[in-house]
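Asker: So the protein lines, in turn, are chains A and B. To get the working numbering, take the position in the first sequence, counting from 1, and add 33. To get the working numbering, take the position in the second sequence, counting from 1, and add 6.
These aren't lab readings, by the way, just hints derived from the structure by calculation. The reader is advised that the hints may include incorrect statements.
Claimed, not checked - DEER-style ranges, computed between Cβ atoms:
| id | chain 1 | residue 1 | chain 2 | residue 2 | range |
| --- | --- | --- | --- | --- | --- |
| 1 | A | Gly269 | B | Thr97 | 21 to 27 Å |
| 2 | A | Ile312 | B | Leu217 | 56 to 62 Å |
| 3 | A | Ser214 | B | Ser242 | 57 to 63 Å |
| 4 | A | Val217 | B | Glu292 | 39 to 45 Å |
| 5 | A | Leu183 | B | Lys134 | 49 to 55 Å |
All C-beta atoms, glycine included, are put in the ideal place defined by N, C-alpha and C.
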Amino acid sequence: MLEAGPHGTKPRRIVSPHNIMLYGFLIVAALYWLLPLYVMVVTSLKGMPEIRLGNIFAPPVEVTFAPWAKAWDSACTGLYCEGLKVGFWNSIRILVPSVVISIVIASVNGYALSFWRFKGSEVFFTILIFGAFIPYQVLIYPLVIILRELGLFSTLGGVILVHTIFGMPILTLLFRNYFASVPVELFKAARVDGAGFWRIFFQIMLPMSLPIFVVAIILQVTGIWNDFLFGVIYAGTRNFPMTVQLNNIVNSTQGVKEYNVNMAATLLTGALPLIVYFISGKLFVRGIAAGAVKG
Amino acid sequence: MSSVVINELSLNFGNVEVLKSLNLDVAEGEFLVLLGPSGCGKSTLLNCIAGLLDVSAGQVIINGINVTWEEPKDRGIGMVFQSYALYPQMTVEKNLSFGLRVAGLPRKEIRDRVDRAAEILQIGALLKRKPGALSGGQRQRVAIGRALVRDVDVFLFDEPLSNLDAKLRTDLRVELKRLHQRLGNTMIYVTHDQIEALTLADRIAIMKDGLIQQLDTPLGIYNRPENRFVAGFIGSPGMNFMQGLLECSDDQWQFSTEGLTMSLQDYQFTREPVQGTPVEFGIRPEHILIGDNAASQPIQSVIDIELIEPMGADTVVWSKLGGSSFTLRVDSEAVLSKDQSLPVGFSAARASIFSSADGLRV
Ligand SMILES: Nc1ncnc2c1ncn2[C@@H]1O[C@H](COP(=O)(O)OP(=O)(O)OP(=O)(O)O)[C@@H](O)[C@H]1O
Ligand SMILES: [Mg+2]
Chain A
34 MLEAGPHGTK PRRIVSPHNI MLYGFLIVAA LYWLLPLYVM VVTSLKGMPE
84 IRLGNIFAPP VEVTFAPWAK AWDSACTGLY CEGLKVGFWN SIRILVPSVV
134 ISIVIASVNG YALSFWRFKG SEVFFTILIF GAFIPYQVLI YPLVIILREL
184 GLFSTLGGVI LVHTIFGMPI LTLLFRNYFA SVPVELFKAA RVDGAGFWRI
234 FFQIMLPMSL PIFVVAIILQ VTGIWNDFLF GVIYAGTRNF PMTVQLNNIV
284 NSTQGVKEYN VNMAATLLTG ALPLIVYFIS GKLFVRGIAA GAVKG
Chain B
7 MSSVVINELS LNFGNVEVLK SLNLDVAEGE FLVLLGPSGC GKSTLLNCIA
57 GLLDVSAGQV IINGINVTWE EPKDRGIGMV FQSYALYPQM TVEKNLSFGL
107 RVAGLPRKEI RDRVDRAAEI LQIGALLKRK PGALSGGQRQ RVAIGRALVR
157 DVDVFLFDEP LSNLDAKLRT DLRVELKRLH QRLGNTMIYV THDQIEALTL
207 ADRIAIMKDG LIQQLDTPLG IYNRPENRFV AGFIGSPGMN FMQGLLECSD
257 DQWQFSTEGL TMSLQDYQFT REPVQGTPVE FGIRPEHILI GDNAASQPIQ
307 SVIDIELIEP MGADTVVWSK LGGSSFTLRV DSEAVLSKDQ SLPVGFSAAR
357 ASIFSSADGL RV
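Looking at chain B on its own, in the form it has when it is part of the complex (with noise of 0.2 Å):
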């Protein structure tokens, strides 16, 4: 069954069109996240759902139920924001059950609940205290208590982690996962930390510019994006591109650019190759090898290296190849130096293809 359901939604802040005709769905327990870059509109739906702002056009639907009018109170949700909004004069405890009190639950209700989720969070201690006293970490999981304790289907979090340290913002990141398991709740979670996403979500859906781009499992988004937009988005260092033309000689499809030709006998064509289109080649940097293994793949060259970042576990080297930026991840114990020429091979299976036109995947 489906949690949250959104069917063509549209909202403009006066002549700005934030979200154009947006639709999405997320199933039951499932953890969505929305990833995408600055001022696309992942905080906007997020005030849609939650019933923060009033939609110009289109439905939201959770639990089958038709809340597009409803009060935020009424909708079965729960937010948590990334300036923690605790609500400073009251102390932790007061902060938790701010909510229930509205609500107008018997005291002993309350004190239960309060005790749960404190106890599940680990902040029992700190009930006494107010929002001031706390670090940053302490706040934000006051924060999650305060929607916890309402009981609801769907958790919201807007960058619940991106004000914290980022030892704390792994810690963090744990225990929410570890929360959902054993919760089951559905939560939608926006971010633009690629691993935050990729390490919790079931699902992630790629925004830009108010429309949702993909909607995929983080290996699909991973390894077979839709258009360049996500290819380029997802992966850091970004996966390498080189523009050229699709050609077919002997029965054989091949990518051709400056003074370089790729066999594609590997890879799986999502639309009719068409003799002679302009398209872009992607290959992300952790796929390609070097030294003995390049030898056994596919696609070789050798290119010159420019620069080497050692950046602990890996190493990033880069370099050109075929008239464009070309970067790749070897193992840090590779002994490398700059100006050094060095054997790399690939395998077209890996790769992404987009049509130049319209950016969608070949």
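Only chain A is shown next, with the shape it has when bound in the complex (with noise of 0.2 Å):
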């Protein structure tokens, strides 16, 4: 027999002054996000005319896909006319293989830091984080005197060189701290079992990494694409990225200003981090959770 009184689950009030603070807080916050987001889509979905109207929320009356036709085919970058697919693929070849070969060294660099300890290897843990401090701009001029002297400079390699090398103290972080928080004695186990560096690095901790790998793609993946800096300086006219060609379409000086046209390119440079945000929004989470808890 039940008392009177409470008894079972507490009962949670949904209008309480908590949650209207909570979601007033959040819905204000999305506004504020969405706005400029909806603004560009309306935009670029609009002709000229329609824009000269200034009426910027406002649906488009009219809805037409040539402004993304042309900023993908044909709008001017500088010289050419040959629109943001030109700077995609650029961008695609400097970001798959700098992620890929920077994600390669950083998981072995972790990988060996956290459980082949060598003599100095505190110190050269020490001073790999310590470049990850360094204002890159100091570097700027140096790499480009190394580059040239290499033979690299304004070439694909170079850039995807620097992005690299700028990757590493990060990612080496990421993955040796990720490695830390596995048991040394599982380690210790495959040893005694006879697997060396590579195959302990393969058999055992790669399958059991997923989660931290996901995280360094993400970073990478975003912050290669994002550039502007490093492709401006180091990639040479010819492999400009994509972010350094919609500069160039937006801040062209000749003819009216097609604002559809820039927006439509605008949301085609963002939308690869964007879908992999969307995609791997809980993985990313996990990932960076799973750093913090012991395996």
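Hey, can you piece these two chains together into the complex? The hints should help.
Answerer: Listed below in structure tokens is the structure:
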């Protein structure tokens, strides 16, 4: 028999001051971020006459995809009028090798630094981490000289090398901390079983570190895709990434400003990181959290 | 023949000396337990034997081969860890066979060995599961199985049972003992559980501060501890100690402490006693008799009961004697009450006496 009074699950009030505050804030924040996006999408779907009416919040009366097509295919970036597609493929060609190379090296680094301590490995790690705090503007000019000496200045290889180098400290830190949370006895057991450096890495550590690889891939993909500075400086005109070409389209001084084309071009450039976030948001959070709990 | 020999082994972590020129000789087929307080270097010693730590000085010899510089896999050892250390992404079967696959054994041989280990440890039904889907006891079985399949001569266990609950620990302890009898391998087993040590071991090595204090059979350690540390460490509740002096009157050695003199007629001296040496007299709580039995003992006294702790099988009584705290272990049938005076008796034959100066047995 139950006595009178409270029993079972405590009822929750949906409309409480706490919830009003919380959801009020979330809604305002969401509007703040979504409004510009809305304006961009709407504008990119309008024709120029409609834009000249000046009502930026109004939905398009006549939906047209012409600005998107122009932005992709024939907008003028400086001297050439081939649209963003050139920049898109350049960005891909920079992105894929940079992401793969930097993550491969950093994961092996992090693994070696956690498990195969060698004399001076702590010092090596400290120096590497220190690298993360050097303002990279300081390194731009020395790197120009180094790349020129190597014959890599203004080449695809050059900009890939730069991205790999600058990604190294933070990625190594990420991987080292992840592997540091793996019980060392697991590593010892594998060594007793006769596995060596690479076998332990590939057969034991890799299968259990998928989340941290996802985190690293997201960090690198968005970081490198959004990069402008290194692309301008090191890639050379023929290899300009998408961000640089976007800038050239938007800031071109000839003729009328085609707002709809500019908006479409911007959305196209931002599409990849957006897609990455949407697909992997959950994995990302899980991966970040995985570093904090003991395996 | 000796299975594992350790010669003057030292190991430093930076400036910290963890093992100090340690010597140990383990016979073939022996079950040796390393017992000692936390941080005394038990795991470190085991890791040195396994080759997981580079020694600073000294040698490790396994089956007559000097393996000091060998890789862990080439030493003929298998190791079981406290945290199981199973590979989380592999099934039990893959966990068991990993070492064999690394060694490149033929498929058939691998299957046979895995099946045999699974049969011995009764984990056949679990082969397709991942470690995450096993209970603690099952995981530890798999971990033992991983050492078993490798057909090694020496098993190293680092506190394999201490993550398990009391009941399971007892069960697995018995199973381990059976396993040892069945396989006849040399086993070196680290624990800080005295019961495990006393029940499993052929010989126990008591360690402290990176040195072996005493290496002896369980009974030897229990009955004739070589120094004050070993005497105090083994036994629960611990041995009773009284500070006092060795004295000789009428050719009879006596131990005297405040207001109390005890005859040492039955005590077997290890060293020649010296008149007036300050010593500690130790007697185990379970060697003190009460009631009618007390009257027949050479040393007798009366104590006031301060506290009674019933433990089920027996009862522990707390009191004072000769200025020090004094516990005794009596049958739980005995009718006792607090503040009661209780005549007690014991014999110096079961006592241990240690020099206060160096802590060694007198
Ligand atoms: N990697 C290391 N670096 C520095 N000191 C260490 C390291 N590993 C262990 N030690 C020290 O060596 C000593 C012995 O450690 P060890 O792990 O062998 O103790 P233990 O006897 O196994 O203790 P427990 O019963 O708690 O497992 C400890 O004082 C510990 O602090
Ligand atoms: Mg230990």
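Asker: None of the hints should be skipped; say for each whether it holds.
Answerer: Here is how each hint holds up against the structure:
1. Between A/Gly269 and B/Thr97, the C-beta spacing of about 52 Å breaks the proposed range 21 to 27 Å.
2. Restraint check, A/Ile312 to B/Leu217: a C-beta distance of roughly 59 Å satisfies the suggested window 56 to 62 Å.
3. A hinted range of 57 to 63 Å for the beta carbons of A/Ser214 and B/Ser242 is inconsistent with their spacing of about 36 Å.
4. Distance hint for A/Val217 and B/Glu292: a CB-CB separation of about 41 Å, consistent with the stated range 39 to 45 Å.
5. As the Cβ distance of A/Leu183 to B/Lys134 is approximately 53 Å, the hint placing it in 49 to 55 Å holds.
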